[in-house]
Every structure is written in C-alpha cells, then in structure tokens.
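K.L.:
One letter stands for each residue in the lines below.
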Amino acid sequence: MIENRPWLAVLSHLVLLVGVAVIVLPIWITFVASTHPGEVLMQAPIPMWPGDKFLENYALVLGAGVEDAGGVPVGVMLLNSLIMALSITFGKIAISIIAAYAIVYFEFPFRMFCFWIIFITLMLPVEVRILPTFAVVANLEMLNTYAGLSVPLIASATATFLFRQFFLTVPEELCEAARIDGAGPFKFFIDILLPLSRTNMAALFVILFIYGWNQYLWPLLVTTDESYYTIVMGIQRMVNVSEQLPVWNLVMATTILAMLPPVIVVVGMQKLFVKGLVEVEK
Amino acid sequence: MHKKVIFRHRWLPYALLFPQLAITIVFFIWPASQALYQSVLLEDAFGLSSKFVALENFIALFEDPHYLGSFKVTIVFSVAVAFLSMGFSLLLAVMADRVIKGSMAYKTLLIWPYAIAPAVSGVLWFFMFNPTVGINAWLLRQMGYDWNHYLDGGDALLLIIIASAWQQISYNFLFFLAGLQAIPRSLIEAAAIDGASPMKRFWTIIFPLLSPTTFFLLVVNIVYAFFGTFGVVHATTDGGPYGATSILVYKVFNDGFVGLDLGGSAAQSVILMAIVIGLTVVQFRYVERQVEY
Amino acid sequence: MAEVRLNDVQKVYPNGFKAIHGIDIDITDGEFIVLVGPSGCGKSTLLRMIAGLETVSDGEIHIGERMVNQLEPADRDIAMVFQNYALYPHMSCYDNMAYGLRNKGMPKDEIEKRVREAAEILELAQLLDRRPRQLSGGQRQRIAMGRAIVREPSVFLFDEPLSNLDAKLRVQMRVEIRKLQRNLGTTSVYVTHDQVEAMTMADRLVVMNEGVAEQIGTPIEVYERPATMFVAGFIGSPAMNFMDAKVEGEEVVVGGKLHFPMPNGTGALEAGREVSLGIRPEHLDLGGNGDVGLPIKVELVEHLGADTLVYGYLPWDTQNLVTLRMQGSQEFPAGHEITLTVSHDHLHLFDKQSGKRI
Numbered sequence: 001m002i003e004n005r006p007w008l009a010v011l012s013h014l015v016l017l018v019g020v021a022v023i024v025l026p027i028w029i030t031f032v033a034s035t036h037p038g039e040v041l042m043q044a045p046i047p048m049w050p051g052d053k054f055l056e057n058y059a060l061v062l063g064a065g066v067e068d069a070g071g072v073p074v075g076v077m078l079l080n081s082l083i084m085a086l087s088i089t090f091g092k093i094a095i096s097i098i099a100a101y102a103i104v105y106f107e108f109p110f111r112m113f114c115f116w117i118i119f120i121t122l123m124l125p126v127e128v129r130i131l132p133t134f135a136v137v138a139n140l141e142m143l144n145t146y147a148g149l150s151v152p153l154i155a156s157a158t159a160t161f162l163f164r165q166f167f168l169t170v171p172e173e174l175c176e177a178a179r180i181d182g183a184g185p186f187k188f189f190i191d192i193l194l195p196l197s198r199t200n201m202a203a204l205f206v207i208l209f210i211y212g213w214n215q216y217l218w219p220l221l222v223t224t225d226e227s228y229y230t231i232v233m234g235i236q237r238m239v240n241v242s243e244q245l246p247v248w249n250l251v252m253a254t255t256i257l258a259m260l261p262p263v264i265v266v267v268g269m270q271k272l273f274v275k276g277l278v279e280v281e282k
Numbered sequence: 001m002h003k004k005v006i007f008r009h010r011w012l013p014y015a016l017l018f019p020q021l022a023i024t025i026v027f028f029i030w031p032a033s034q035a036l037y038q039s040v041l042l043e044d045a046f047g048l049s050s051k052f053v054a055l056e057n058f059i060a061l062f063e064d065p066h067y068l069g070s071f072k073v074t075i076v077f078s079v080a081v082a083f084l085s086m087g088f089s090l091l092l093a094v095m096a097d098r099v100i101k102g103s104m105a106y107k108t109l110l111i112w113p114y115a116i117a118p119a120v121s122g123v124l125w126f127f128m129f130n131p132t133v134g135i136n137a138w139l140l141r142q143m144g145y146d147w148n149h150y151l152d153g154g155d156a157l158l159l160i161i162i163a164s165a166w167q168q169i170s171y172n173f174l175f176f177l178a179g180l181q182a183i184p185r186s187l188i189e190a191a192a193i194d195g196a197s198p199m200k201r202f203w204t205i206i207f208p209l210l211s212p213t214t215f216f217l218l219v220v221n222i223v224y225a226f227f228g229t230f231g232v233v234h235a236t237t238d239g240g241p242y243g244a245t246s247i248l249v250y251k252v253f254n255d256g257f258v259g260l261d262l263g264g265s266a267a268q269s270v271i272l273m274a275i276v277i278g279l280t281v282v283q284f285r286y287v288e289r290q291v292e293y
Numbered sequence: 001m002a003e004v005r006l007n008d009v010q011k012v013y014p015n016g017f018k019a020i021h022g023i024d025i026d027i028t029d030g031e032f033i034v035l036v037g038p039s040g041c042g043k044s045t046l047l048r049m050i051a052g053l054e055t056v057s058d059g060e061i062h063i064g065e066r067m068v069n070q071l072e073p074a075d076r077d078i079a080m081v082f083q084n085y086a087l088y089p090h091m092s093c094y095d096n097m098a099y100g101l102r103n104k105g106m107p108k109d110e111i112e113k114r115v116r117e118a119a120e121i122l123e124l125a126q127l128l129d130r131r132p133r134q135l136s137g138g139q140r141q142r143i144a145m146g147r148a149i150v151r152e153p154s155v156f157l158f159d160e161p162l163s164n165l166d167a168k169l170r171v172q173m174r175v176e177i178r179k180l181q182r183n184l185g186t187t188s189v190y191v192t193h194d195q196v197e198a199m200t201m202a203d204r205l206v207v208m209n210e211g212v213a214e215q216i217g218t219p220i221e222v223y224e225r226p227a228t229m230f231v232a233g234f235i236g237s238p239a240m241n242f243m244d245a246k247v248e249g250e251e252v253v254v255g256g257k258l259h260f261p262m263p264n265g266t267g268a269l270e271a272g273r274e275v276s277l278g279i280r281p282e283h284l285d286l287g288g289n290g291d292v293g294l295p296i297k298v299e300l301v302e303h304l305g306a307d308t309l310v311y312g313y314l315p316w317d318t319q320n321l322v323t324l325r326m327q328g329s330q331e332f333p334a335g336h337e338i339t340l341t342v343s344h345d346h347l348h349l350f351d352k353q354s355g356k357r358i
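So the protein sequences, as listed, match chains B, Y and C.
Here my numbering is used: the first residue of the first sequence is 1, the next is one more, and so on.
Here my numbering is used: the first residue of the second sequence is 1, the next is one more, and so on.
Here my numbering is used: the first residue of the third sequence is 1, the next is one more, and so on.
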C-alpha cells in the first residue's frame, strides 16, 4: 500500500470478509442442513447450527442411498465418480504428453495437419454435438460402461498445448547431450523429458481431476443403469423427485460428499492448482 | 514451433499421435460432421426415411418463438453472469491486492468454489432459495417479497444467474489478482506522487492496465455461461417455468434427447458450434495480439 | 585418440542458406584446434556437424579411420561440452556423468571406477551426490567436463564452454582445460568467439568468417602473417589500423603524403595498384626511430594501467581513427600533435579488392 490510510485497510478487510461470507455461507448452510433430522427441514426458518444427526445421515446416504431417488448408495456413486475422474485425468495426461512429444521433437509429413486436428477439439465441446456423439458411443456399445464415461472425454487440446509449450522451453542442448550419450527417442523421453515434466503433470492433474469429477452432461447421456451413476449427476435425481418434497437433509449430505474430493484436491494442492490454472490458459 | 534438434523415425511419431487423433476423430470430428449433415435433413415421423431439405431446419428454428426466446434468455443470462461474477471478483481482488496481513488466508478461502461443480452450485442455491425451507426465500419474505422460482420466471432466471456467477467467482478472482500483481508497483507509486487518490488511481491507472485480463475473462465467462452451465439449469429449474430458464444448451439437449427432433436439434448444434468457433477465434486473436506486446 | 579430417565440408539449410562453404582441415592426433570467428560465422555449425547434431550437406568428415557422415552422435566416439552445460537437472552429478556409460551397457563397477577417477581429476568428489542446480557455474562446468572425460572419447568437442562464466573464472578454467587436454592427449576442437581464448589455448587456430575458413595456422602465424584483412582485424586487440594506399614504384603511399617502403618479402607490384596498409597499434612508436613518421592529432586517451591507448587522426583523414598502444602511462591533451613511427617489418599489405595478403 502506498499511503497510510487506516480506514482503507479496514475497508479492504471488511469487503474481503463479505466476500468470504458469500463463499462460505452457502456451504455452511448446506452442511448444517445435512446434520439435522428431516422433520426440522420442513418449514423455514431452518436452524443455523449443526444438529445431532451427522453420523446417521451420512451413514444412510453412503450405505443405502435416498429411497425416493432410486436408492443408489452414494458410496457407489462416489466410487463411479472417482473411477471416471481418474481415468479422464490419467488418460488425458498420457495421450497429451506423447502427442506433444511427437509434435515438438519429430519432423514428419502431416505434422501441422495433426496439430490442427487436435486444435479443432477446442471448438467442439460435448454440448454442441450431443446426439451424434451419443449415437457413436451407443454403436460402440459403450453405454453404461466406465470406458464410455471416460474415453470420449480424454482427447485434450489444452493439455497437449501445455506440454508443447513446456517442451519448447526445455533447452535444446539437453536433447543434444542425450543423443551424444546414446539416448534414442524412447530413452530421451523416459529418462529425461518425463522426469522434467513432473511439476507440469501434477499441476495438470489438479485441473483435470476437477474437470473429470464435475462432468455432468456426459454421464447423464451415457448412463441409464443406476449402478453407473456418478455423484454430481446423481444429486439431480434426488432434487427432482416427482410429486414429492426432496428429502433435504439427505440431499445436502450428498451435496457435501460430492464437493468434498475436488475441494480437498484444490485446497491441498493450492500452489499447483494456481500454476495449472494459469498455465493452461496461456 | 518445434526444435532445432529433431528425431527421425518412420512410424514412432504417428504411433505417439494415434490415441489422441483416434479419439478426436471418432468422438469429436465424426459426430460434429454428423450434426452438420443431419442439420440439412428432415426425418419422417417413424425415423424410416429422410430427405434433403437444405436450410429449412434453420429457417424453422428462427421462426420458432421458443427458440428465439431461448436465444434471448441465453444472452441476458450470459451478460448477467459475466458482469456479476467479474464485478464481484474484481472488487475482491483489488482488496486482496491491498491487504498485507492475511492475504494468503483470504486467497485460500476464496478459491475453492472453483472445485465445486456448476450443478452442485445450482443445488446449493436451489436449496437456499427454496420457497418453503430456503433461508434466502425466508429472508425475502420477511422483507415483503414473495420469492417462488417454481412459478415466477424472473425469480428462476435470477436463481441460475446467481448460482452460475457464484461458481465462477474464484476463477475470476485468481486471474484478476494475478493481473493486479503483474502491474509494476512503480507505476502506482508514480501516480501517488502525482497526487492521485486511491480511487482515481484505480480508474486511471490500474483498470486500464488490467484491460487485457478483463477482456480475456469476459470471453471465458461468456463461453462458460453458454456451455458450462447446463448442469445448473438441468439440476434445478429444468428450463422452467415456461421456458424462462431454457438456455440454448439446455434446449438443444431437451429437443434432441427428450423431444427426439433430430434435424432441429442438429441445426441447433450447428448454430452453437458457430458460436464457439467465433468465441475461440476472438480469444486467439487476442492472445496473438498479447504476444506482440 | 584419433585424427579428424574434414574434406570439403559444406552445409546448406533447407531454405537455401549456405552456412559452410567447403572447409578442409586436417587435425592431427592430440591436437587442440580452436575455431574462432564472430557470431554467425558458422563455427558452431561446423562443430555440430562433427558431433553429428547437424547433417552434412556435402563433403566428408573422418574421425580416425571412419567416415562418420551417417553415424549417430553416440556412435562417433566423441564427447561434447556445451555452452549452457546441458546437465540433466533431475539427475545427481554422478548420474549425469554415468548416464552415457549406462546407455552403452557398461558394467556398474567400471562406470563407478571411471566416474570416481574423473571426479578425482576435476576435484569434484564431494559434489557427486548433488543436483546441478545446487552448484555454482564453475562447478557445473566441471561436471560437464567430467561427463565428457568419463567417455574416454577419441575427440573432445567444446562449444563456447566458458562464455557463461565470469572473467576471473574464465581465465582459471582456460588454463585447466588446456592442462587436462595435454595430460589426456585427446584430440580437441574448441569453438569460441573470444580471440584471447583462441590465442592462448590453440595449437592451431581456424579463423572463420561467413562460412569460410579464412586462415588455419598457429597463433603466432596468424598474428604475424594474417592471411586476409578480416583475420588481421579480428585477431589482436585493439584491432589493426588500416589505411588506404597506392603503390608507387618501390613505395606504398598513404594520402599522397606518407611514403612507406615495401614490406619485407613483397615482390614488385604494378604501379597505381590500390592496397590497404595495416599497422598494429602496438607497433606504432611515439617518436622513436622507425622508418616513417605519422603526424597524428590526439582525440582521446584511455588509460589501462599498464598500457595507454591513444586515438587520433591523420590531418587529411578525419574519418578513420588511428590507434596507438604504448606501455606505461602518459597524458596527452586533446588536439595535441604527436608523431608516430613504425618499422617496415611491421607493415602488412593487403589487396584492396580481395582483402588477401600481398
């Protein structure tokens, strides 16, 4: 700060506290609601302090699920989400890093053409090609499979660009030294490039894990079998129960469980997350 | 574009690119071309035959008041989400850039909504505004406003705007903060020596210098509002009441997947594609320009 | 140990740019050759062609008995030290040095032995477990040298290895590299743009300019009998003074006023031929009893401590500064007029068109 104006500092903190309240309050209210018995949440105003049904509610949703919404245990949905998110994350990182390696370190016919094909994926989010993509997945008999949930989402222009960008900053002499040391394209990639990319892979892991976990439309399309539901799309089934009031305490417990894994990843790996976010958009 | 030192290998580069290209072609390019193809066809009621109808599907769309309404809703929605979220984030970023004590703690507390899925954010706010149990709805009622997003289209639209903007706050906050911290301290000190008050400094020095970040975020937020918010709508209002929250992405899903109108849905897809391509081009031209600086 | 022969070696880039114009060099076993020239002269390209990092467009490169044009760098029996060291940042110094040996499939104890030996020679023993980023520039340089030594190659290639070090360390490493090379007796090719490094280290110099080897010779040959005006101007500091002159009978005349005798060994030249007369700053004498006196109006004096540099103009030529280098320290006011003399053994004559020594 340039000049010493105490009231400005106070104002700054005040505004920031309001900001924090806007962020935290909805989550607090959700958490509080998830710890009360269902009867308490029938009429406003609802309590603002946690109740005593924390263990009961969470155990119920994790083990048995919400009956009105098909009764799929949230534990199963969490597992499905985890499988989908990790498959997407590792799949994207794996196929992007080798594609970037080919584009940066090799000279071959159609190199630019391949680059543009990958680039085009940026312009075709699932949302703009819903039906035909669904048809492809159905024809390949990948509906209601983990492969169907993850494989169509693992092509990634942004991850490929990020690795390409990073490879371009690796000094050329390193590759030359490796060639003199007798390392061919495989050895150079495994022994030198891969270890050097560790930070970038970790940063990308955070971003992509959140991306994978938070998928909504895609699982909605390719799963009809409830045992393949993911948690983020599963909540919707509990909210939109036909002709009845949602069982709010259980819905809110599920909501907390749905946001917990990605929030832990972001807060736990804050530095990598910020790095990943900024670099992906470069 | 690539290195001076390069490997030569007959098949390795193709093998390395194969997985990425195969997935791109099978799940991206082929379906997109199918959408283009279907958008000029009309299927009969039983899906047994189809005939070429040129632009008829598109003309039908633009004569359909529901589609035009959806377009209008989407524009109001996107602009509102972008301004609400960016404005609030900018305010927070400017304050966080000022404070010395606790700035790390504020940052940690402000970034995690990024991890929350738009659909989940929708459910959070759906609950808080629920007419019977929601705390916000209750507060509004105490103030004399009878909130009901099940019946009132305006309330429903406001609900998805708030939920969508809230989810995007942390993303905008991080980029604004990074942009602010990239402004050389000496410039602001020079302005202070020139006698500019903090408010004046913000509008005459900081805000103009921040404009590349602002523009970048504007594009990102609009893309987000157009394509990233399907979950918010689908998990809460389901496009209702009476189409008041039926944004384009929701409509293309609903008409195609629920209504099974192949040609119409394909034509909507093509229009959405054109919008993404337009926005991507704008974004990349901007990035190119930034490189020149 | 091996000799290296370059036979009409050329490099043409795909865009048609000709970087190397056909170079012949015979490097004998154990010789230390320095490629020197301004940036962009092709010296690094030539080195990288010997290393196998650049393809050879035409001509042949032999290392020992083998023609190596088509061989991979790893198969040429060479080792290279890079300007930015090119150490693998994620490996310990030990692993940096051992990596190439492992790739060859050398037994573990043999690798251990070689690395320990090299570390001993370079006084690196304590650093072997560290990562490159924990080391100073000089230490990194040594690790890079160590990586080259453990391979026990036929040829060392150095690509400006000292240019990232500070001046003091550079002088120290220069001496060390030379000592090491003598002890190992390994044929070496060393690229630098620094003429002091080139003069002090080389058995023979190759002075390059625009893809051409202007002169190949020992440092003394190159200094005393530069083959072209380019070499004369590039080697020696401060640079040689050049004056436009005309041949008149047995004399060379500058500006119609100064009559120099023909330098030793120059035959009769046709009258009226346009030539360039070169005199090194250190060969000009203040007063003294040289053959010809140059009247100079002093413009500027620089004191280097041991030496003094005096810059001035001939009365009829205010375009070209004449530089004088004299021992000790002496003060001249600007505008002061002095007379400089030069002995005729120290005159260099070049053809004005071709720049070649006459």
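Keep in mind that the hints were calculated from the coordinates and are not lab data.
Since we're looking at a predicted model, the values are computed, not measured.
Incorrect hints may have been included.
To be verified - Straight-line distance between alpha carbons at most 30 Å, and here's what the computed DSSO-like set of lysine-lysine pairs gives:
#	chain 1	residue 1	chain 2	residue 2
1	B	275	Y	101
2	B	271	Y	101
3	C	104	B	187
4	Y	107	B	275
K.L.:
Look at each hint and say if it fits the structure.
P.N.:
We went through each hint and held it up to the structure:
1. 275(B) - 101(Y): 23 Å, holds
2. 271(B) - 101(Y): 19 Å, holds
3. 104(C) - 187(B): Status holds; Cα separation ~12 Å.
4. 107(Y) - 275(B): Distance ~14 Å between residue 107(Y) and residue 275(B) Cα, so the pair holds.
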